Every structure is written in C-alpha cells, then in structure tokens.
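K.L.:
Full structure from sequences and hints, please.
Chains as they are written, first to last, in the numbering used here: chain B, 1 to 378; chain R, 1 to 378.
Among the clues, some could well be false.
Said to hold, decoys possible - Computed list of lysine to aspartate or glutamate pairs in EDC-like fashion (alpha-carbon distance at most 16 angstroms, straight line):
1. B:Lys30 - R:Asp363
2. B:Lys46 - R:Asp5
3. R:Lys30 - B:Glu20
4. R:Lys10 - B:Glu20
5. R:Lys22 - B:Asp366
6. B:Lys13 - R:Glu53
7. B:Lys4 - R:Glu31
8. B:Lys26 - R:Glu20
9. R:Lys13 - B:Asp54
10. B:Lys22 - R:Glu20
11. B:Lys46 - R:Glu7
Said to hold, decoys possible - Covered stretches of chain B (chain R as the covering partner; in silico rule of three or more C-beta atoms under 8 angstroms from a C-beta of chain R):
12. 18-30
13. 39-51
14. 54-67
15. 73-81
16. 98-109
To be verified - Covered stretches of chain B, going by a simulated chain R footprint (3 or more residues, C-beta under 8 angstroms):
17. 4-13
18. 261-274
These are calculated hints, taken from the structure and not from any lab test.
Model, not experiment: these values are computed from the prediction.
Beta carbons: idealized from backbone N, C-alpha and C, even for Gly.
Read off the chains here:
Number of protein chains: 2
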Amino acid sequence: MTKKDTEILKRFKSVGARIETKSRVKLKSKEDFALFYTPGVGVVSKHLAAHPEDARLYSIKRNSVAVISDGSAVLGLGNIGPYGALPVMEGKALIFKELAGIDAWPIVLDTQNTDEIVNAIIAIASGWGGINLEDFSAPRCFEIEQRLIEALAIPVMHDDQHGTAVVVLAGLLNAAKVVKKQCKNLRVVISGAGAAGVAITKLLLSAGIQDIIVTDTKGIINEGRTDLTDIKRELAEITNPRAVSGDLLDALIDADAFIGVSGPGSVTKDHIKVMAKKSIVFALANPIPEILPEEARAGGAMVIATGRSDFPNQLNNSLVFPGIFRGALDKGVQKITNETKLRAAKALAALIPNPTATKIIPDNLDKRVVPAIAKAVR
Amino acid sequence: MTKKDTEILKRFKSVGARIETKSRVKLKSKEDFALFYTPGVGVVSKHLAAHPEDARLYSIKRNSVAVISDGSAVLGLGNIGPYGALPVMEGKALIFKELAGIDAWPIVLDTQNTDEIVNAIIAIASGWGGINLEDFSAPRCFEIEQRLIEALAIPVMHDDQHGTAVVVLAGLLNAAKVVKKQCKNLRVVISGAGAAGVAITKLLLSAGIQDIIVTDTKGIINEGRTDLTDIKRELAEITNPRAVSGDLLDALIDADAFIGVSGPGSVTKDHIKVMAKKSIVFALANPIPEILPEEARAGGAMVIATGRSDFPNQLNNSLVFPGIFRGALDKGVQKITNETKLRAAKALAALIPNPTATKIIPDNLDKRVVPAIAKAVR
Chain B
1 MTKKDTEILK
11 RFKSVGARIE
21 TKSRVKLKSK
31 EDFALFYTPG
41 VGVVSKHLAA
51 HPEDARLYSI
61 KRNSVAVISD
71 GSAVLGLGNI
81 GPYGALPVME
91 GKALIFKELA
101 GIDAWPIVLD
111 TQNTDEIVNA
121 IIAIASGWGG
131 INLEDFSAPR
141 CFEIEQRLIE
151 ALAIPVMHDD
161 QHGTAVVVLA
171 GLLNAAKVVK
181 KQCKNLRVVI
191 SGAGAAGVAI
201 TKLLLSAGIQ
211 DIIVTDTKGI
221 INEGRTDLTD
231 IKRELAEITN
241 PRAVSGDLLD
251 ALIDADAFIG
261 VSGPGSVTKD
271 HIKVMAKKSI
281 VFALANPIPE
291 ILPEEARAGG
301 AMVIATGRSD
311 FPNQLNNSLV
321 FPGIFRGALD
331 KGVQKITNET
341 KLRAAKALAA
351 LIPNPTATKI
361 IPDNLDKRVV
371 PAIAKAVR
Chain R
1 MTKKDTEILK
11 RFKSVGARIE
21 TKSRVKLKSK
31 EDFALFYTPG
41 VGVVSKHLAA
51 HPEDARLYSI
61 KRNSVAVISD
71 GSAVLGLGNI
81 GPYGALPVME
91 GKALIFKELA
101 GIDAWPIVLD
111 TQNTDEIVNA
121 IIAIASGWGG
131 INLEDFSAPR
141 CFEIEQRLIE
151 ALAIPVMHDD
161 QHGTAVVVLA
171 GLLNAAKVVK
181 KQCKNLRVVI
191 SGAGAAGVAI
201 TKLLLSAGIQ
211 DIIVTDTKGI
221 INEGRTDLTD
231 IKRELAEITN
241 PRAVSGDLLD
251 ALIDADAFIG
261 VSGPGSVTKD
271 HIKVMAKKSI
281 VFALANPIPE
291 ILPEEARAGG
301 AMVIATGRSD
311 FPNQLNNSLV
321 FPGIFRGALD
331 KGVQKITNET
341 KLRAAKALAA
351 LIPNPTATKI
361 IPDNLDKRVV
371 PAIAKAVR
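P.N.:
As structure tokens, this is what we get:
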C-alpha cells in the first residue's frame, strides 16, 4: 500500500461513515411521540394500506433511492463482493444527497445469482422512490435491469449503462461541434462490449449515429464471429454496417471517434494515428484510461476526454444520475425511457453552448447540471 | 375519518417524510470528489474486499440498522401490507435516531412467504450493523427470526417479541416491589400467545417466575388441548404447572399479575375481581387496552400499566430497542442473548429505585434509559 493509500484509509476511518440519517421532525415530548409514532402513525398506516399510491406523499418513498450493487464489477477492481462495493455505494449516496438532495441509502447484495438478486430487490422495493443499480457485471446486468423495470412501478436504472451512455452522447455532441463534423455522420469505434459499451452503442444509434463498430478482447464484433454471447450477437446485428473485421487497429482506420470503456493501456499513439483527421478520443477506463491524453494528442487526437478529474473533459456519470432521479422523483415518473436519455444528453451538452477542445462538458459541481437533466425527465 | 385523523394526515403530508439522509463529509471541490468518491474510494473498496470485518470501521455498517417489516401484523391494525407498515417503520427509524443516534432506515417487504423473506433479508444484510424485525405475524415471526439469527453475523431482533418482553419484565420487577410480593413467586396470566406473548412467557420463565398460565382465544393453553400449533404446544409444556384448564376467568383465579398482549376490551372488572389481592394488571393492547385503567382499578388492581402514553406506566418497547442496538453496535455484539435481555430488564427497572403504583417504569424520553440498556449488552 502506498503512503497516499494509507492516508486515504486513515481519513475514511476518522470519518467512519460518509452518510447518516437525520430526523425531519422533533421528538422531544409525549405529544411528539403520540403524533409521529403511536397512535398518530396508525392513521397514516391505515390510509396507505387503502391508498398505496399516496406513499409518495406521506413517507420516505417521496425522495428515496436505493443504491444497489452485488459487487461483481466495482470500479476497475472487478468482482470484489458486497463489502468491496459498499464504499462506492456509500459514495454514490453521498453524491445523490449533495448534488440532488435525494435520500439514497446503499444496499449491497450477498448473492450474484440473477434470480436471487431480482427476487430480493422486488421484495424490498416498495419503500423506495427509485432504484439505482450499480456495478453489476455484464451480461447479467442487462437481464437484471430489464426484469426489474418490468416488475416495478418505480424508476430503475443501471447507472453503469445509462448514466455513462448519456454523458458520452453529451460529450460526443459537443466534441463534434469542436471538430466541425456532423455528429450523425461520425464513424465511431467503441472498445468494450460490457455494460457501458452496450448502452452507449444503443443510445448513439438511437441518436442517429449509424456507423458504429464495437470491439471486445477478441477484436471487432461482426456477424462472422462464432463466439458471441446473446448481447454481442445483437450488437453484431445492429452495428458495423460496413462489415469490417479484424482487431481494434482495423476498426480505427478512418474513424472519427474512439470511445474506450474497456481497460487501461489498451490503446497506443499508433492506434490514434490511423484515425481520421481531427479525431475524438474518449478514453474512459478508470482510474487508468485506455490511452493517456498526451499520447492521444501525439497521435493526432483533437478532442480528448477521460473519466478522471485531473484531466480536462471528465465524462463521469455523476453528471447524470442525480438529475435523472431528481426529475423522476419530482414528476412521479415510473420508467426512464430512451427518449429521456436522449433529452438528458442534449440538455447536458447544451450547458456548454460554445464547446472547445478542453471544455466539452460541464463540471459535475456545476449547479445547472441537475436541474437541466431533471427537466429533461418527463 | 374523524376530524383529528384528518388533521394528523395533513400534518404528515406537510412533513412529507420524517427522516432523510445527511452527508457527514463535504463534497464541494474536485479534491473532495477525488477523496470521497473516485479514485479515493477505491482504496477503501480494496481494503474491505480483503478485510470485510473492517466494514464497521470504514462504512455505514458502523451505525446502521435496517427496520424491516412485511406488514403482516402492524400495530393493532393487522395484516395491512408493506405500504401500511411503512409509516410505522419510518417512525421507528426516527426513534432510533432521536433516542440512540442510530442510522436506521425502513425496509418494507412485498412478500409474506417465509423463505422469500429470509432469503431477501440475508441477501441485503451485509451493509447493515443490525436488523430490527417489526410487525411480523406469529407463528412465522419465530422461524424468520431464528433463521436470520443463525445465518447472519449481525444482531437480529424481532422487537415485538423481545422489546416487549424486556419492558414487561422490567415493569413486573418494579410492580412486584410496589405490591410487596416476590417477583419469582408471582402467579402470572398472559393473555395472547402471539409474538409478544410467547417471548414474554419465555423471558419471565428464565427470570425465575414459575407459575405462568398463557391463554389464547380458545382459553387456557394446556397439554390437554388438541388444537395447538407447534409453538403453543411448546408453551403448554413449559407453562401451567398447576394444569389449570378453562377460560381466561378460570386462569385469573388467585393470579397476582395479568399481562394482556391480545386485543381490545377482552377483560372486564369481573375478571380482575377474581385475582389475588393487590393485583398487577398490564393491559398492553394498543391503542385500546384489554381493560381501561379505571375499570381495572375498580376490579381491585393495585398497579396498572398500558402501552399508551396518556395513562401512567407506559410499557412501550421504544424503551428497549434503541438501547439494545446502541449497545450491540458499540460493542460489535453479534447476538442478542437471553442473558442480555434479562440484564436489560433489570437495568431498566433499576432506573426507578423506589417504584410506586403510578411509576414503575421510566419515561421513554428519560435520557438515562438508552445508556443503561446499552450497558447491559455484552
């Protein structure tokens, strides 16, 4: 462990927990007890038993989000289980409160079985206003999210998929402006066919971008591949219109944009050199990007973004999830639709009306972000 | 709905929720983000993945309790489901925070199947420091609690059972002083063989009280009954040493103490009249007791307690659960043992060294209560 890591641990230990609960009413007298506990609470219980739809008006359901993970794909750390996931979920709960005033609480799951996960989340869902799924590995994450969306009458969003997709589309809209190309006409290469890669692909397609190639560790995903999972077979069908085959280097020839959601250090200057002029490079692996900004620039990239706060253009999903859930809670929205995600991406991009190579996206502390995205939720 | 009920609903609606989350750290700068979210949080995630036992030092697990119900036996309202349960659980979370500084959050379950309940709670348990089960109906509550205690390495307590049992024993210890009888020699009749009745019976037995008769809606529970569930058959074996049969009135002949955990209005002055002199009457059905204090007094009762705040001697489990979990969290205790409950009852009773007929138990706003009970947890 580095000295810096030891210091971080020490700091977290002195803090203990980063969130806590807080009372919103006084409980100082017998009268307070009689009103806010028994017998007063019985009146509300009877009312909600008869009118469950009013839970949003009379309980924590009005403003609460469960941040749920099974710890199977935590940050870049991989499958580190519920205790490994807990600090990240707590961090998200902190962000929910600080950026969007939402009462989020972490729930980490001690199972990685899809049925058990779905059953447990359905069982505990009633008291929450929304469910933010986090750090579930692909391809299980797709089925888990889909089944929960169908089963529950509250918004359910796997943030690694859709939060990332929205921020990438927002970044791409503005990056296209900077390089003076039509976004819809961009040739895009997405490296990584996990949760983020799949969701980015689908959102870019629905935004009208037609020439997308997706690669995984075996190379370009195309219909000739015989080793594809169901979700990758679907990707083969809906992407790669020029039927390119080969590896990432082949995919990048004349590409306008590279979007990395794979792993550290998988891309070199030589990869960037084969791209079209004025190329866009989003190297989003965290904490170590697919290629460092200086190397991408040396390869010819014009607009470069990463997931890190210490480089320009941080494309982080914390720009998205607080506003999405703020909007859904405020408006009683039950499903986060594709249209919502497109509107959210456009709203986020529109906050930087005159983007430059080093400023395509707002800072996640920019107070305009949450209201702009919340407004996009209908 | 009465005018008062309408006012209560209006008040709850204006409050919205009685609890919320609160940040314990600042998140105002990029540096704050880098420390308390990524990449800083990754250091803690790695540490906890390798050392799950340290979750108590570095996360919400240090001070959190899930307040969980399936809504099958809510207050005196019966089986009103998760939405009916939600306001009560929120009220308990409020009490946890206000009285014991514990970060509790309500979880209401959309299933009443024992296996599904146990599986869901085990699945979500890792992030919590303790689990307070609430308002689960008997006899399911016994199996659910037992299986969770065996499966989990955090304290699990069904408060309707053990919170109630502890406060009843505490009250009985002091009531015996008032009527100048030896607590161990009391003839006790318990009306109601549900969650509370069973737990009270077992705790009083382990406190050395030997002559206990339990009644249910069919009358006295004894070994001659052929209609008994498993748990009631167990009660028949461990109680009723004089092998009394008949109904509640038969049970009460010469009894020193009546403990009602059944339903409203089931006891009259005539029942109390057949009891021994200087009788003790705990009529704990809520909000309407088995017998009102004035009628019990007219029947000859000397010490009278209810579950209500508007009569003297309120025996409410909110005197117990905050301190039990405060002690367990502070000391990393994994099981709430029978010894703990006995010590807690004695500690609670000892706070009123000179009890009188109208003061056998501390007020639940008495600041000494939580520390005294927490100290009893080892």
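K.L.:
If a hint holds in the structure, say so; if it does not, say that too.
P.N.:
Comparing the hints with the structure gives:
Only pairs whose Cα atoms come within 16 angstroms are accepted, and Lys30 (chain B) paired with Asp363 (chain R) is accepted, the gap being roughly 9 angstroms. A hinted pair counts as satisfied when its Cα atoms are at most 16 angstroms apart, and Lys46 (chain B) with Asp5 (chain R) qualifies at roughly 10 angstroms. Of the supplied pair hints, the one linking Lys30 (chain R) and Glu20 (chain B) is violated, its CA atoms being roughly 22 angstroms apart against a limit of 16 angstroms. With a CA separation close to 27 angstroms, the supplied pair Lys10 (chain R) and Glu20 (chain B) exceeds the 16 angstroms bound.
Under the criterion of a C-alpha separation no larger than 16 angstroms, the hint pairing Lys22 (chain R) with Asp366 (chain B) is inconsistent with the structure, at around 21 angstroms. This hinted pair checks out: Lys13 (chain B) and Glu53 (chain R) have alpha carbons roughly 13 angstroms apart, not beyond 16 angstroms. A distance of roughly 14 angstroms separates the Cα atoms of Lys4 (chain B) and Glu31 (chain R); the hinted pair therefore holds under the 16 angstroms criterion. Pair hint Lys26 (chain B) plus Glu20 (chain R) holds up; C-alpha atoms about 13 angstroms apart against a cutoff of 16 angstroms.
Annotation: proposed proximity of Lys13 (chain R) to Asp54 (chain B) holds, straight-line Cα distance about 10 angstroms (limit 16 angstroms). Taking the CA atoms of Lys22 (chain B) and Glu20 (chain R), the gap is about 5 angstroms. The hint holds against a cut of 16 angstroms. Among the hinted pairs, Lys46 (chain B) with Glu7 (chain R) is consistent with the structure: their alpha-carbon atoms are about 14 angstroms apart, no more than 16 angstroms. Requiring three or more residues with a Cβ within less than 8 angstroms of a Cβ of chain R, the coverage given for the stretch 18-30 of chain B holds, as 12 such residues are present.
Closer than 8 angstroms: that is the beta-carbon criterion, and the stretch 39-51 of chain B has 11 residues meeting it against chain R, so the requirement of 3 holds. A stretch counts as covered by a chain when three or more of its residues have a beta carbon under 8 angstroms from one of that chain; for the stretch 54-67 of chain B and chain R the count is 9, and the coverage holds. Look at the stretch 73-81 of chain B against chain R: 6 of its residues bring a Cβ nearer than 8 angstroms to a Cβ of that chain, three or more, so the hint holds. With a threshold of 8 angstroms between beta carbons, the proposed coverage of the stretch 98-109 of chain B by chain R holds, since 9 of its residues qualify and at least three are required.
Check on the stretch 4-13 of chain B: 6 of its residues sit with their Cβ under 8 angstroms from a Cβ of chain R, so the three-residue criterion for coverage holds. With a threshold of 8 angstroms between beta carbons, the proposed coverage of the stretch 261-274 of chain B by chain R is violated, since 0 of its residues qualify and at least three are required.
The structure fails to meet hints 3, 4, 5 and 18 from the earlier list, while all remaining hints are met.
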